[in-house]
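**Student:** The primary structure of each chain is shown beneath.
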Amino acid sequence: MAKICLNEIAHSYLPDSQTEDEYALKRIHNIWDDGGAYALLGPSGCGKTTLLNIISGLLTPSSGRVVFGEDDVTDLPPEKRNIAQVFQFPVLYDTMTVYDNLAFPLRNRGFDKAYVDRRVREVATILELDSFLGKKAQGLGADAKQKISLGRGLVREDVAAILFDEPLTVIDPQLKWELRCKLKEIHEKLKLTLIYVTHDQVEALTFAEKIIVMVEGRIVQTGTPQELFEYPSHKFVGYFIGSPGMNFLPCTMADGKAVVGKAQIPVDPSIAQLAAEASGPLELGIRPLYLEVSVAPMADGFEAPVKYVEDQGSYRIIALDFQGHSLKARISENDPVPDTRAWIRFPVEWVRVFADEKLLK
Amino acid sequence: MKKWQDNKGWLFILPVLLIVAFSAIVPLMTVVNYSIQDIFGPGQRVFVGTEWFREVLTDQRLHEALWRQLLFSGLVLLIEMPLGVGIALLMPAKKGFGASLVLVLLALPLLIPWNVIGTIWIIFTRPDIGLMGAAINTLGLTFDHTANGLHAWITLMLMEVWHWTPLVALLAYAGLQSISPAYYQAARIDGASAWSIFRYIQLPKMRGVLTIALLLRFMDSFLIYAEPFVLTGGGPGNTTTFLSIYLVKIAVGQFDLGPAGAFSLIYFLIVLLFCYLFYQALLNVGKGEES
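Top to bottom, those sequences are chains A and B. Here our numbering is used: the first residue of the first sequence is 76, the next is one more, and so on. Here our numbering is used: the first residue of the second sequence is 2, the next is one more, and so on.
Among the hints, erroneous ones may be present.
As the list claims (entries may be wrong) - Result set (BS3-like, lysine-lysine): computed pairs, CA atoms no more than 27 angstroms apart in a straight line:
hint, chain 1, residue 1, chain 2, residue 2
1, A, Lys210, A, Lys310
2, A, Lys382, A, Lys403
3, A, Lys211, B, Lys206
4, A, Lys266, A, Lys285
5, A, Lys210, B, Lys206
6, A, Lys264, A, Lys251
7, A, Lys78, A, Lys155
8, B, Lys95, A, Lys155
9, A, Lys382, A, Lys285
Please keep in mind that the hints were generated in silico from the structure rather than gathered at the bench.
Generate coordinates for the entire structure from the input sequences, incorporating the hints supplied.
**Tutor:** Quick look at the structure:
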């Protein structure tokens, strides 16, 4: 087991790429600590799977080095790296039994029979596959199949990291939750590095200790779920994480306040200072959850017409017209629901300012 | 009303029923008609019962033709199935000029009319001017498929393999193309050897198309007529007289329509039986793996 370093990785699927646009991965420089649970989050086509395949060795990057611990493994094939990968669709050897499936990676590496048997039974117990061992893999449910795919990674004691490429796509919602719990349990028990690719923020937020957000071949932010939620370093992160995403209002600065239309919104003085010095268009950002909404006028509140109210069960989304911009607020189901007009307040500790789409802090 | 009376589904199968009736059932019934009567001319017919069947079933030459036919089909399957799969494995996996070129080259023999194929191979194997025949004779070996039974068989097998292996290869190739790349990636990570990948991924995933290939190749080779008729005419002697060639000899050569009708029915039933057996066997292989 070892930490994984990606040194200045860039990858293009085209030969001799010149312009940056042709690169699927632009410049990735990142360290994955030993034993961490990471989620790689981003929209479809942002390069998540490419990055994963570079770590596992299925792809060789156009430039840069992949280092496991002290060893440069950039030119090693996947079978020589201590890596296992679970794919979007369960990959099984249909004609083999579950037992043989689990034993396959060990037998290929020439381990003796007793050792293979011990490992297979250990892993089957962890994954609760004991009762399936003698069955053919083909007829099993999607969740059991995905567990077997995972098991083929777990049987190898030398595995430093297990990579998951959207592994729960084909699993039913209820089983998804169970499998995610199982993954967390395995992570705590075995202290393996897990890297989990997903475009589902709920999956990422519940699974990972650290989330890496990718957009267009770049890592835009690495942080804990809380950091991503409270301090999105890039407009995209604010928008992509949270339901609904962060509100963004184009603004200017005057007297240490953010000016949106006719409204003057108080901002933390240190941020106001940064904003005054920053170049590029300024935007004010606030999470719908942190907007205070009232049905009656309140101090420091701004009046805004209500466009519509969406009932989401345990909470409501209120869409407002604020100085000509669309603004969403989230209130709990017990709060009074404004009818045609609402008064809103921007708590200063939750107001963020972005210059040229980047967070000022 | 009972289910079968109220079933409007019958209306939907009616067109197919009519087509099948005119294309298969009616012609088959006329053959049945011939096989149980002795027909001398219009209006002159005698019911003979199973006489033609008994005559045909005890015909020594028909037995020989049947064994010849079984040997031929067996050899065809033994050679073409592994060869076709092998070719498919060697074909370029990625789409591009290479793959297109190979596909076109493979498809060419399948596009040639069958009697033209026979003619091509007559010329190709002629001892005096044929590329193959003359080349072998120049090497000092005598090769003449018109005089030597073994040589006739070798020529026929070569022609058959050249003609039909591409079909197996194309089907197997289609089967290989449908395998998701994730399987190969997982196998690499699991450290699988090329043989393991073939045995545990490619072969199981190709089972469906290979079943079809096997059935098609068995039926076609068991019913083969045009190519050997043109190439050897059933000779030398009777060494390449297959069932269909013998049947035509009886029906057209000797104009024995009664025995020919009985023979046709038996021939048809044999093919049906073998296809059923193959199909069941392959279906059970699949079932065994699912349980």
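**Student:** Which hints from the list above does the structure break, by number from lowest to highest?
**Tutor:** When the structure is compared with the hints, numbers 1 and 9 turn out to be violated.
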